[in-house]
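Protein chains in written order, with our numbering: chain A, 867 to 1128; chain B, 230 to 515; chain C, 734 to 1058.
Because the hints were derived from the structure by calculation, they are not lab data. Bear in mind the structure is a predicted one, so any value in this text is a computation, not a measurement. Some hints here could point you the wrong way.
Stretch by stretch, here's where chain A covers chain B in the computed footprint (C-beta under 8 Å, at least three residues) [as the list claims (entries may be wrong)]: (1) 288-298; (2) 332-346; (3) 384-398; (4) 411-421; (5) 431-443; (6) 447-454; (7) 484-497.
Calculated cross-link-like contacts (lysine to aspartate or glutamate; reagent style EDC-like; alpha-carbon spacing at most 20 Å) [to be verified]: (8) C:Lys833 / A:Glu1020; (9) A:Lys947 / C:Glu987; (10) C:Lys808 / A:Asp1017; (11) C:Lys999 / C:Asp1034; (12) C:Lys982 / C:Asp1015; (13) A:Lys1042 / C:Glu826; (14) C:Lys839 / C:Glu856; (15) C:Lys862 / A:Asp1017; (16) C:Lys808 / A:Glu1071; (17) A:Lys947 / A:Asp1017; (18) C:Lys999 / C:Glu987; (19) C:Lys1050 / C:Asp941; (20) A:Lys1012 / C:Asp1034; (21) C:Lys951 / C:Asp988; (22) A:Lys947 / A:Glu1020.
All residues carry an ideal CB built from backbone N, CA and C; glycine is no exception.
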Amino acid sequence: MLLIWSLSPLIWQLYTSLSTPEALTRPLEINEFRWTFDNYKQIFQANPPFVRYLLNSLIVGLSSTILTLAIALPASYSLAKANNKVSKISKIILLASALFPYFLLFLALLEFAREMNFGNNLLALCIPYSALCMPLAVLLLTAAFKDLPNDLEEAARLEGLGLINRLRWILFPLIKPAIASTSILVFLFTWNEYPIALTWISKSELITLPVAIARIAGSSVYSVPYGAYAAATVVGALPLLLIVFIFQKRIVSGLTQGAIKG
Amino acid sequence: MNYLLLTPAFLLILLVFVLPLIRYSWMSMHSISVITGLDYIPNNGSNWIRLLNDDRFWRDTIQTIRFAAFSVSIEIVLAIIIALLLSQRIKGKGILRTISLLPWALPTTIMALGWRWIFNTPYGPIDQISSLIGFGTLDILSNPDLAWIATVIGDVWKTTPFVALIILAGLQTIPSDLYEAFKMEGGSPLQSFIKITLPLLKPYILLSLVFRLAQAFGVFDLIQVMTGGGPASSTESIAIYAYLNAMRFLDFGYSATIMIASFILLITICLFTWIFYNKLKSKLSI
Amino acid sequence: MTLILNSINKQINKNWIIQDLSLKVKDGECLAILGPSGCGKSTTLRLIAGLEICDSGSIFINDEDITNISPVDRKIGMVFQSYALFPHLTIYENLSLGLKIRGISKKESIRRVSSILDLLKLEHLSTRKPAALSGGQRQRVALARALLRDPSLYLLDEPMSNLDAQLRERLRPELRRLILNGNQPVIYVTHDQHEAMSMANRIAILNDGRLVQIGTPKDIYKTPASIFVASFVGRPQINLFPESAGLIKGIRPEDIFLDNKGIDFKILYTEWLGTNQLFHLDTSQGRLRMLCNADISINSDHKINWKQEKLHLFDSKTKLRINNG
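Given only the sequences and the hints, what does the whole structure look like? Please build it.
What follows is the structure, given as structure tokens:
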């Protein structure tokens, strides 16, 4: 039941993507003209080619992940060491930000992008993205730092390791699992984010995957080229399928920890 | 020295979360639109007066609450069932977990379009099957009374796995000897679910409830792509209305007013849910 | 080398953890710090190590004031209760990390680490990670790390409390061979009084952040300075008689003996302890514990008695000792 529920819409997409336009009008019949790869050819030969959007999303995803970690790691280290009052208040602020329906921010962010001339700049997207992911990242990483026994860091101090060395040799290696799951969550968010990417980027060779797919859909409910669109979703979903399959455990433990500490 | 490391994080929160809200409050007190040549003209709260009398806003509010209430409650009930299933010792649990994660990991826009195709008239599988068994086409997405149900289905499909994982995490913190002790006392499985599982899951259910309510209240991608707010604005959410005001009608002052209003509404709803939930819980655990 | 603590104080969250603590430990001397949990013994160790900073007072090693010196420069070999081995590094990496950071050449570092591994008979484990080692082996690696630092002072924080009783007994001589025979002061924190008595030259008893008594194990046992020390040290616990005339008297269970004169008693129950047995008695002086040989047999003529000089006398107000053993 669960399998059918989760998978059937996906399988339908795959099925659609391999169908000829004629077959689409009679989706339940099977005949010799049924199958085709034309939809895939079409999206890869389009201008700009579909791979371009994957690449854009990848650039945004990676840069946001790195920036998020760069800000969240030091913050969570110091939060894990902070006294009760500071950490309690910070936690509430972070949790509130993490729960915030970020769509409400799009207009102000758009103004900000205009002000700073960040429109149509893929790398600039990592600023709002990192800000939106950072609260959750800090909560997850703080929990990971807190789980480390204090003795380990003190033993390292006695061994002569300064803060940088301690982070480099002891702390970061030990929270690697948490860093990995946080990175995956951030990456998934940026890969999937729509409204900000939609309003910040207008040049068609710079748009990210979700925006590209929404564009394929066009504006009218009735004129969507479903075959090509389905092919696009399959191609766009493949990297995520891979990520989910490879990092299934990490994602679950990341979400789980987030839930427990929240 | 230590707190220095916290500063960038909190500056970023200030920049991206707090400043926009302040900015919106200020914008909501001004007329900023194509009519004013995008200049800021103070208007003594006429945005707010317009909002109070704007039938479309209030209808959208009710539609948004309807969407949020239905999808979140269905998600939580389903998620508890799924989490209970996944916590059993069954074969292929890992694969099952992976597959149930998929909908959550995929971009909303992708799956929103997917659902649009599934509900398509007359070529989508739903309508095809219903014609096949003699009901004719259902035409759900063009029916103002039914289209919102399709959006709820899309949302439930996408976010249930996420909620299920949070609940599953909660289930795993409950020591199994509690159930064994309860069994020794003669409790039935249903009783142990009500007396042990639910009360101990409370923080997790509450967390997912608040989180999902907040997200569903700001729903945008799903509806924008699936129905565009139609037909006849019957699925339009507050977020879509705010988006239309800003990006299509270019009335930024009013759009900001809508956002502030929806933020206030959201906080109120979360507070009410919290209180209601606590009351419900204390009744259950008597 | 000598360690001196000069009336140090430490407050954490507005609670006094250490109050006016002064100590002096000579080279080669092992001082055990003993006390109930929360008495401040771990904090004392952390203050000496520099992991916490004193609010006031000063700490000297060899006449050098180290009160405000960083932990590394204090040259301290510390063994943590949890051993604090880095779980992601092999045993060899665990031991060589500090040398590498301190800029010691690779060749020299290999030489030093292998000689220490040799000394502790750990060579065959050098490529394993801590998780693959037994408790006793981990303890020795932690010890090896402390030895490698060639410290001017050893601090051992409950080094054996995570080991089972048998292993503890086997490791005690080894610990003595490796550390206690050197010429550095050793501070040994423990809550186990048997361990303290068997390992230490002197014992410092801490309660509520204050030093209540310091002396040789024998001193502490024979002439406890207060009711607290008397009842904290010695198992089975000392018998305390009800207060009379501003005095509280105490007698150790082993100082009570069977006699044909003395006071009458009734046996409530008996605990058989192997070589000894412990009788719980009801007497006109209240309930008393008496420790006797295991093979003793009691008949109805027996009374119990003790020698007056074995009595410990305490002031009932100050709870301090008033006789001189």
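Here is what the structure says about each hint:
1. Evaluation of the coverage hint for the segment 288-298 of chain B: breached, as 0 residues show C-beta separations to chain A shorter than 8 Å, against a requirement of three.
2. Residues of the segment 332-346 of chain B lying with their CB closer than 8 Å to a CB of chain A number 13, which satisfies the three-residue condition for coverage.
3. Three residues within the 8 Å Cβ limit are the bar, and the segment 384-398 of chain B against chain A gives 7, so the coverage statement holds.
4. Coverage of the segment 411-421 of chain B by chain A is violated. Counting CB-CB distances below 8 Å, 0 residues qualify, and the rule asks for three or more.
5. Counting residues of the segment 431-443 of chain B whose beta carbon lies closer than 8 Å to any beta carbon of chain A gives 6, which meets the minimum of three for the stated coverage.
6. Only residues whose C-beta sits within less than 8 Å of a C-beta in chain A count toward coverage, and the segment 447-454 of chain B has 6 of them, enough to reach three; the restraint holds.
7. Residues of the segment 484-497 of chain B lying with their CB closer than 8 Å to a CB of chain A number 6, which satisfies the three-residue condition for coverage.
8. Distance restraint check for Lys833 (chain C) and Glu1020 (chain A): the Cα-Cα separation of roughly 17 Å lies within the 20 Å cut-off, and the hinted pair is therefore satisfied.
9. Taking the CA atoms of Lys947 (chain A) and Glu987 (chain C), the gap is near 50 Å; set against the 20 Å cutoff, the hint is violated.
10. The suggested pairing of Lys808 (chain C) with Asp1017 (chain A) holds, with an alpha-carbon distance near 17 Å, which does not exceed 20 Å.
11. A threshold of 20 Å between alpha carbons decides the hint, and for Lys999 (chain C) with Asp1034 (chain C) the separation of about 12 Å falls inside it, so the pair holds.
12. Pair hint Lys982 (chain C) plus Asp1015 (chain C) holds up; C-alpha atoms about 17 Å apart against a cutoff of 20 Å.
13. At roughly 18 Å between alpha-carbon atoms, Lys1042 (chain A) and Glu826 (chain C) fall within 20 Å of each other, so this suggested pair holds.
14. At roughly 18 Å between alpha-carbon atoms, Lys839 (chain C) and Glu856 (chain C) fall within 20 Å of each other, so this suggested pair holds.
15. A threshold of 20 Å between alpha carbons decides the hint, and for Lys862 (chain C) with Asp1017 (chain A) the separation of about 17 Å falls inside it, so the pair holds.
16. Restraint check for Lys808 (chain C) and Glu1071 (chain A): the C-alpha separation of about 61 Å exceeds 20 Å, so the hint is violated.
17. For the hint linking Lys947 (chain A) to Asp1017 (chain A), the alpha-carbon distance of about 13 Å falls within 20 Å, and the restraint holds.
18. A C-alpha spacing of about 18 Å is found between Lys999 (chain C) and Glu987 (chain C), which places the hinted pair at or below 20 Å, so the restraint holds.
19. Distance hint between Lys1050 (chain C) and Asp941 (chain C) is fulfilled; the C-alpha atoms sit about 18 Å from each other, no more than 20 Å.
20. Using a Cα cut-off of 20 Å, the hinted pair Lys1012 (chain A) and Asp1034 (chain C) is violated, with the two alpha carbons roughly 65 Å apart.
21. Note on Lys951 (chain C) and Asp988 (chain C): the hinted pairing holds, with a Cα-Cα distance of about 15 Å set against a maximum of 20 Å.
22. The hinted pair formed by Lys947 (chain A) and Glu1020 (chain A) meets the criterion: a straight-line CA distance of about 13 Å does not exceed 20 Å.
Violated hints for the displayed structure, listed by number in ascending order: 1, 4, 9, 16, 20.
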